[in-house]
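Engineer: Residues per chain, in single letters:
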Amino acid sequence: DAGVIQSPRHEVTEMGQEVTLRCKPISGHDYLFWYRQTMMRGLELLIYFNNNVPIDDSGMPEDRFSAKMPNASFSTLKIQPSEPRDSAVYFCASSHTGASNQPQHFGDGTRLSIL
Amino acid sequence: DQQVKQNSPSLSVQEGRISILNCDYTNSMFDYFLWYKKYPAEGPTFLISISSIKDKNEDGRFTVFLNKSAKHLSLHIVPSQPGDSAVYFCAASRSGGFQKLVFGTGTRLLVSP
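As you go down the protein sequences, you meet chains U and B in turn. Numbering of the first sequence is given in my numbering, commencing with residue 1 and proceeding in unit increments. Numbering of the second sequence is given in my numbering, commencing with residue 1 and proceeding in unit increments.
Because the hints were derived from the structure by calculation, they are not lab data. Be aware that a few hints might be false.
Below, simulated SDA-like cross-link-like pairs (lysine to any residue); rule was C-alpha separation at most 25 angstroms, straight line [unchecked claim]:
| # | chain 1 | residue 1 | chain 2 | residue 2 |
| --- | --- | --- | --- | --- |
| 1 | B | Lys-68 | B | Pro-113 |
| 2 | B | Lys-100 | U | Ser-66 |
| 3 | B | Lys-37 | U | Ala-99 |
| 4 | B | Lys-37 | U | Gly-98 |
| 5 | B | Lys-100 | U | Asn-51 |
| 6 | B | Lys-100 | U | Thr-76 |
| 7 | B | Lys-37 | U | Pro-8 |
| 8 | B | Lys-71 | U | Glu-44 |
| 9 | B | Lys-5 | U | Met-60 |
| 10 | U | Lys-24 | B | Asn-27 |
| 11 | B | Lys-100 | U | Glu-62 |
| 12 | B | Lys-54 | B | Asn-27 |
| 13 | B | Lys-5 | U | Leu-46 |
| 14 | B | Lys-100 | U | His-29 |
| 15 | B | Lys-100 | U | Pro-103 |
| 16 | B | Lys-71 | U | Met-60 |
| 17 | B | Lys-5 | U | Ala-88 |
| 18 | B | Lys-100 | U | Asn-71 |
| 19 | U | Lys-24 | B | Thr-45 |
What follows is a set of in silico ranges between Cβ atoms, one per label pair, in the way DEER data are often shown [as the list claims (entries may be wrong)]:
| # | chain 1 | residue 1 | chain 2 | residue 2 | range |
| --- | --- | --- | --- | --- | --- |
| 20 | B | Pro-79 | U | Phe-74 | 41 to 47 angstroms |
| 21 | B | Ile-18 | U | Leu-115 | 23 to 29 angstroms |
| 22 | U | Glu-18 | B | Ala-41 | 20 to 26 angstroms |
| 23 | B | Gln-81 | U | Glu-62 | 38 to 44 angstroms |
| 24 | B | Asp-59 | U | Glu-14 | 43 to 49 angstroms |
| 25 | B | Gly-96 | U | Pro-8 | 34 to 40 angstroms |
| 26 | U | Glu-14 | B | Gln-2 | 30 to 36 angstroms |
| 27 | B | Arg-61 | U | Glu-62 | 26 to 32 angstroms |
| 28 | U | Arg-85 | B | Pro-40 | 31 to 37 angstroms |
| 29 | B | Ile-53 | U | Thr-76 | 36 to 42 angstroms |
| 30 | B | Pro-40 | U | Asn-101 | 41 to 47 angstroms |
The C-beta atom is built at its ideal place from N, Cα and C for all residues, glycine as well.
Take these sequences, add in the hints, and give me the full structure.
Structural biologist: Have a look at this one:
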């Protein structure tokens with residue numbers, strides 16, 4: 001079975017540019033999560049969706065960040081305008097029920113570098 | 001405020017010996033704990049979990065211990081193998097419906113032959 005698929009795997013862009021990260025969750029999973037990994041803060045939850053509806057975006061750092069899930073098989077995380085401090089690895093994850101005893105399945109991440 | 005702390009950024013162990021990775025939490029409402037393992041250029045994968053009704057959970061070479069009074073959990077790997085070299089993340093949650101996972105900063109384990 002295909003796991004969570006993220007694209008691109010790497011993104012290098014200049015400050016001020018718009019960045020769009022993409023995610024395809026595992027089919028049948030009702031929950032989708034966007035995380036950011038940094039050395040200082042580890043894995044931080046940015047936003048999560050249940051049945052394509054954003055439930056909690058309290059982890060989104062600023063208004064420059066936005067996320068959408070137009071259908072059950074696709075989500076985007078957009079940064080506009082991007083800044084050097086946004087450089088990090090961004091992970092998408094999905095789970096079937098969202099219960100804590102149902103492990104989240106992660107994609108391989110997008111390594112973002114803002115110059 | 002880091003609610004889940006992994007104070008050792010790295011750990012080196014020889015093959016065949018025991019690896020002990022530690023994790024502390026501050027939120028007494030957490031009652032479900034997980035460990036994830038992450039190889040370079042890959043996403044984290046679930047390894048083992050424990051509910052607060054237990055103090056130990058074992059799965060093959062991996063055992064997680066929970067000390068609720070100390071708000072501390074540890075992951076023991078015995079015997080350690082070179083393939084165990086990875087970053088290990090501790091995560092905590094509250095049970096009952098959907099609850100966010102709160103992750104630590106990770107510990108990089110290196111198992112040398």
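Engineer: Next step is simple, just say for each hint if it's right about the structure.
Structural biologist: So, going through the hints one by one against the coordinates:
{"no.": "1", "hint": "B:Lys-68 <-> B:Pro-113", "result": "35 angstroms, violated"}
{"no.": "2", "hint": "B:Lys-100 <-> U:Ser-66", "result": "19 angstroms, holds"}
{"no.": "3", "hint": "B:Lys-37 <-> U:Ala-99", "result": "20 angstroms, holds"}
{"no.": "4", "hint": "B:Lys-37 <-> U:Gly-98", "result": "20 angstroms, holds"}
{"no.": "5", "hint": "B:Lys-100 <-> U:Asn-51", "result": "16 angstroms, holds"}
{"no.": "6", "hint": "B:Lys-100 <-> U:Thr-76", "result": "20 angstroms, holds"}
{"no.": "7", "hint": "B:Lys-37 <-> U:Pro-8", "result": "22 angstroms, holds"}
{"no.": "8", "hint": "B:Lys-71 <-> U:Glu-44", "result": "21 angstroms, holds"}
{"no.": "9", "hint": "B:Lys-5 <-> U:Met-60", "result": "21 angstroms, holds"}
{"no.": "10", "hint": "U:Lys-24 <-> B:Asn-27", "result": "33 angstroms, violated"}
{"no.": "11", "hint": "B:Lys-100 <-> U:Glu-62", "result": "20 angstroms, holds"}
{"no.": "12", "hint": "B:Lys-54 <-> B:Asn-27", "result": "18 angstroms, holds"}
{"no.": "13", "hint": "B:Lys-5 <-> U:Leu-46", "result": "19 angstroms, holds"}
{"no.": "14", "hint": "B:Lys-100 <-> U:His-29", "result": "16 angstroms, holds"}
{"no.": "15", "hint": "B:Lys-100 <-> U:Pro-103", "result": "12 angstroms, holds"}
{"no.": "16", "hint": "B:Lys-71 <-> U:Met-60", "result": "28 angstroms, violated"}
{"no.": "17", "hint": "B:Lys-5 <-> U:Ala-88", "result": "20 angstroms, holds"}
{"no.": "18", "hint": "B:Lys-100 <-> U:Asn-71", "result": "22 angstroms, holds"}
{"no.": "19", "hint": "U:Lys-24 <-> B:Thr-45", "result": "17 angstroms, holds"}
{"no.": "20", "hint": "B:Pro-79 <-> U:Phe-74: 41 to 47 angstroms", "result": "43 angstroms, holds"}
{"no.": "21", "hint": "B:Ile-18 <-> U:Leu-115: 23 to 29 angstroms", "result": "44 angstroms, violated"}
{"no.": "22", "hint": "U:Glu-18 <-> B:Ala-41: 20 to 26 angstroms", "result": "25 angstroms, holds"}
{"no.": "23", "hint": "B:Gln-81 <-> U:Glu-62: 38 to 44 angstroms", "result": "43 angstroms, holds"}
{"no.": "24", "hint": "B:Asp-59 <-> U:Glu-14: 43 to 49 angstroms", "result": "46 angstroms, holds"}
{"no.": "25", "hint": "B:Gly-96 <-> U:Pro-8: 34 to 40 angstroms", "result": "37 angstroms, holds"}
{"no.": "26", "hint": "U:Glu-14 <-> B:Gln-2: 30 to 36 angstroms", "result": "32 angstroms, holds"}
{"no.": "27", "hint": "B:Arg-61 <-> U:Glu-62: 26 to 32 angstroms", "result": "43 angstroms, violated"}
{"no.": "28", "hint": "U:Arg-85 <-> B:Pro-40: 31 to 37 angstroms", "result": "23 angstroms, violated"}
{"no.": "29", "hint": "B:Ile-53 <-> U:Thr-76: 36 to 42 angstroms", "result": "40 angstroms, holds"}
{"no.": "30", "hint": "B:Pro-40 <-> U:Asn-101: 41 to 47 angstroms", "result": "28 angstroms, violated"}
When the structure is compared with the earlier hints, violations turn up for hints 1, 10, 16, 21, 27, 28 and 30 and for no others.
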